[in-house]
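Participant: The listed protein sequences derive, respectively, from chains A, B, C and D.
Here this note's numbering is used: the first residue of the first sequence is 1, the next is one more, and so on.
Here this note's numbering is used: the first residue of the second sequence is 1, the next is one more, and so on.
Here this note's numbering is used: the first residue of the third sequence is 1, the next is one more, and so on.
Here this note's numbering is used: the first residue of the fourth sequence is 1, the next is one more, and so on.
I should point out that these hints are in silico values taken from the structure, not numbers from a laboratory.
It should be emphasised that the depicted structure is a prediction, and the values quoted were computed from it without experimental measurement.
Mixed in with the good hints, there may be bad ones.
To be verified - Computed Cβ-Cβ distance ranges for the label pairs, DEER-style:
#  : chain 1 : residue 1 : chain 2 : residue 2 : range
1  : C       : 85        : D       : 299       : 36 to 44 Å
2  : C       : 204       : B       : 51        : 27 to 35 Å
3  : D       : 189       : A       : 297       : 27 to 35 Å
4  : B       : 207       : D       : 59        : 33 to 41 Å
5  : C       : 266       : B       : 260       : 46 to 54 Å
6  : B       : 3         : C       : 251       : 34 to 42 Å
7  : A       : 168       : B       : 104       : 27 to 35 Å
8  : A       : 86        : B       : 297       : 20 to 28 Å
9  : B       : 203       : C       : 204       : 37 to 45 Å
10 : B       : 261       : A       : 168       : 29 to 37 Å
Glycine included, every Cβ here is placed at the ideal spot set by N, Cα and C.
Protein chains: 4
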Amino acid sequence: MVRVGIVGGTGYTGVELLRLLSGHPHVELAVITSRAEAGVPVADLYPNLRGHVGLAFSEPDIELLKACDLVFFATPNGTAMKMVPELLETGVRVIDLAADFRIRDPKVWEHWYGMTHACPELIEEAVYGLPEVNREAVGAARLVANPGCYPTAVTLGMLPLLEAGIIACRGLIADCKSGVSGAGRGANVGMLMGEVGESFKAYGVPGHRHLPEIRQNLALAAGSDVDLTFVPHLLPMIRGIHATLYGRIEKKVDLQALFEARYAEEPFVDVLPSGAHPETRSVRAVNDCRVAVHLPQGGDTVVVLSVIDNLVKGAAGQAIQNMNLMLGFEETDGLRSVALLP
Amino acid sequence: MVRVGIVGGTGYTGVELLRLLSGHPHVELAVITSRAEAGVPVADLYPNLRGHVGLAFSEPDIELLKACDLVFFATPNGTAMKMVPELLETGVRVIDLAADFRIRDPKVWEHWYGMTHACPELIEEAVYGLPEVNREAVGAARLVANPGCYPTAVTLGMLPLLEAGIIACRGLIADCKSGVSGAGRGANVGMLMGEVGESFKAYGVPGHRHLPEIRQNLALAAGSDVDLTFVPHLLPMIRGIHATLYGRIEKKVDLQALFEARYAEEPFVDVLPSGAHPETRSVRAVNDCRVAVHLPQGGDTVVVLSVIDNLVKGAAGQAIQNMNLMLGFEETDGLRSVALLP
Amino acid sequence: MVRVGIVGGTGYTGVELLRLLSGHPHVELAVITSRAEAGVPVADLYPNLRGHVGLAFSEPDIELLKACDLVFFATPNGTAMKMVPELLETGVRVIDLAADFRIRDPKVWEHWYGMTHACPELIEEAVYGLPEVNREAVGAARLVANPGCYPTAVTLGMLPLLEAGIIACRGLIADCKSGVSGAGRGANVGMLMGEVGESFKAYGVPGHRHLPEIRQNLALAAGSDVDLTFVPHLLPMIRGIHATLYGRIEKKVDLQALFEARYAEEPFVDVLPSGAHPETRSVRAVNDCRVAVHLPQGGDTVVVLSVIDNLVKGAAGQAIQNMNLMLGFEETDGLRSVALLP
Amino acid sequence: MVRVGIVGGTGYTGVELLRLLSGHPHVELAVITSRAEAGVPVADLYPNLRGHVGLAFSEPDIELLKACDLVFFATPNGTAMKMVPELLETGVRVIDLAADFRIRDPKVWEHWYGMTHACPELIEEAVYGLPEVNREAVGAARLVANPGCYPTAVTLGMLPLLEAGIIACRGLIADCKSGVSGAGRGANVGMLMGEVGESFKAYGVPGHRHLPEIRQNLALAAGSDVDLTFVPHLLPMIRGIHATLYGRIEKKVDLQALFEARYAEEPFVDVLPSGAHPETRSVRAVNDCRVAVHLPQGGDTVVVLSVIDNLVKGAAGQAIQNMNLMLGFEETDGLRSVALLP
């Protein structure tokens, strides 16, 4: 059994990591830290873990973490970068579920995240943990930057088109919708059920932190800069992201075959049959991304529909997929359950 | 008091017409028909109307309808066209909330609605009841085709841009999201709460009946054909439509000023301040359309956010607005209440 | 026009007061205070009020309030009691939507609310604003204690049985369920949509502040002490309270006739036909209480089902009903709209 | 591997059986029948099963079922009783998830279910599949009647009190609330999201089919007849039952200790600490029943809170628990996952 630690496990990403890790065949949860909840049994905060996780939260003590083989950071942005260098030095491998190591260019990162990066020298080493693109590099990495939820859904939906060079790099549109769990578990009037239930709105249209991350991913796939408009929206439900992606086809190919070929070997990307419309509930609680590709009305605007569970493939599940690759386990270990429907 | 009738009032559009008409100062509800519910008091089917509507449903008898000044059809597509000619001859004015008279070209209509039109000769006379475009014609009309819910939200959002000729007519995108009440009240496994609650999906991507209606509206505004991709989605909530609209700016103008000027005199279109994101709940139960216009990241893709209540501005409220124009009442009569929030 | 003020109008009760008052024929909203939001236009906080309420929040200045004919307190418990004496002296009439004047016995109040009462001498003068019990006294009152939401639903459901002396005063049970808006609009992890959506639970079983208020009401109706178990639950929806009430019948009477007779003259209590099950949505946004009475399986346990909108009959609507009585308006002024369904 | 079949797997109970069985270590799904969907791959109807269940629905052919070791009936009431005798004769063991074999007295059954029983001679042999009461008998049974959802939640909550003889058998109250999945997946206007979303109501107060089943269970536990009032309500959410149970204590004992002792060895009943309020989401997707016991305000009315997932411990999960007992597997096989939260 491998010993893993979690830093900052009181949010939704933390509890989801615990839910998934508790069913993993090769992992022992050694430590979970939270300054605010130190001493509190994890199962007192998250009743679903009663009988499954016996651990209590502990103070964030780096010595305890150094005794782990691998540490997940499920902390706010800007926390991991302060502890990661010391952990890496000790030989601990790290997966950061926040954004500290996702953006290649520290200046871009500092612009969008509004702080100075504490260890820019590690950014280049960090591997962006999207296995569908970086599987081998993840396997060899000491430090993995786990992708954001929107970037995962958008990138997996756009990838086949951009890699094949068949759509225009200008005028790309990602119209995305997320359940409320994506906003985390902080006390926030704007996320009260009385505020977000039975309503729908866009947010962050002028600019959202996931925009540079998505742009970086798409540019890498295209081999050139892309022009992307990204509009996130808030859904009156808890889990799930639906990305509706638009681009202009410049070369007519069999889109269905292109997508199926691209993802034929991927354990967690499921290309639906032609004409399908994936539902977010079809991936609730599981690590799958489901995509469907359309060319409506015989036009030249391609429409890709891409769904994930924001807390699984968009966070904790993908982190475990990355851990499996880093530690040489089966890529699907701990991630084979069936989505919850209804 | 003017005497109005409703044909087919058992669906959500019907009950919403009744809710709004029961507070109208100049209208007496004379008859409401339903073959299936004939004899049943309206308030037995819709408990919110107890104490407000004393009428019972009656068999659809055209003689009773002829005694009305104005008749609303809240029927499935293809019903109104069979009764309208006889009513118009008697001098009754008609507002059809279904699609029978929305599409100018009978061949296009027959293609999308899969039936032969019963009175194609009336299509030309029918006025498309979007007051923001056709106010005067509506006032003089015998027969008004009340717009669809998606077409209302999309058209009002796109109108200022197309009329001003500042966006490309190619590559327009309408990414729309609707609450479940838009699907009506028919017994349908796909609309069970167990199926659509806590989930989100697109539908009708290959083609949806509102596509030709929207295209017709936008072409009229632009003065030329437009190329539009329309993707509707189903929201896990009851009321509200949110249209997220994308186009490529070809001429830089002050977009905020353009929208404010276009709708300065409109009682039911509210242009939000620059940078705003309208919520569907802010128009719940009222006849307003709220729009906001963005040009994210200084690019050339304009993003318009447009929200309505699909049952009010998207159906029954707009029908009453049209009735007010046809009968010479104040345009806002019966439509001045405040949205329900939270 | 009568000039009214609102102290503390930033919560859900405040916005609901504003929604209802904006349609009242005899009232001018003169001032609305909020220390936190002073200077902010009300419509910026509550977009449903755009175009309906032009006022901005102002600092809580008692001189401004003294210029009003009547002042509503929509403040946390313990605020009104500090300002009410001075207002009453000036001749301003007051309706407190919080709990400061609901409990007759100051010791009981201080026990449940955990503070010392600032003006116990006014408690006796204050009239408990349940018009179905105290209509005349409300009309003559300077100071009205607006009932709590649960107490309104429970009391109206139990009243006919207790007044008629046909049920046992021991073993009464009030199993109540409330939408989340009852918890207010404070930043609170426990009311995030991620926490309360798609879930259901009881809370406060060992003791809830509405228990002594309900007990006081029922004892007055019964003319003797009552033994009551009150269990509130939290519903995954926004508006509505459903009280399911149980008692043991000691005398067989025609229960349906008893309820219908008791409420025959009440404009806001609607006794449903025998066998009915009221839905909370049938009173959404309106001031009605709907009740149904059952005696299942021919036994001796009576079951009363009572529904209200917690923000209307359970708060702002009942406050306006009380205002109408105090100021000599029609009791239903501003309160005649139809419930929103669906 | 043991071969199991499912008759009538197109409803929510069926898909839940498939979800759970697909993760069971000792079971091979051999056949699943549905007249309406014969030939359709299961994963086409239930997208969560794509990649997990390769089977297609087949015509209900009893010869195919005879080749199974055990058959689940997830059919409407009245179907299993027609096929079970022939299957039992061939040596196939049967678990009926419907109500055909739950009620001991065929006359009572025929009264509540409105049909003649096809094999009353098997009723006595059938074992009521509540392992917490009948574990050994289930292990030896050929035919198990899987309990209803409400009866499971109510019985497990009441059991310790009745077995210990410390509450009155008269005046018992079960105020129960269920998510909409309990009503199944049939096309039904009353279960549309537009009808049941954002609303709450009681139903079946005059009489519900689960009443005689609950009464039978409680009488067995008490050793005498009981007088029970059962009021079910419909929650605006998908999964979960919450039973709030009331009884009059006649003997003061340590209730917490009583419950903990009764369920100390039970793998699927979790007694929460004193003062707790279980949430339905804490058992979402898992086979646990969580209970808490209260004696509010030092009175003599005991309040038990009991939650289950109606599709798991209330249906498919309990059926698999019974199967495990019948076939000699570990009782928790296939049932060890963690509840989904948030």
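Participant: Indicate, hint by hint, whether the structure satisfies it.
Facilitator: A quick look at each hint next to the structure:
| no. | hint | in the structure |
| --- | --- | --- |
| 1 | 85/C with 299/D: 36 to 44 Å | holds, 37 Å |
| 2 | 204/C with 51/B: 27 to 35 Å | holds, 34 Å |
| 3 | 189/D with 297/A: 27 to 35 Å | holds, 34 Å |
| 4 | 207/B with 59/D: 33 to 41 Å | holds, 35 Å |
| 5 | 266/C with 260/B: 46 to 54 Å | holds, 48 Å |
| 6 | 3/B with 251/C: 34 to 42 Å | violated, 51 Å |
| 7 | 168/A with 104/B: 27 to 35 Å | holds, 33 Å |
| 8 | 86/A with 297/B: 20 to 28 Å | violated, 37 Å |
| 9 | 203/B with 204/C: 37 to 45 Å | holds, 42 Å |
| 10 | 261/B with 168/A: 29 to 37 Å | holds, 33 Å |
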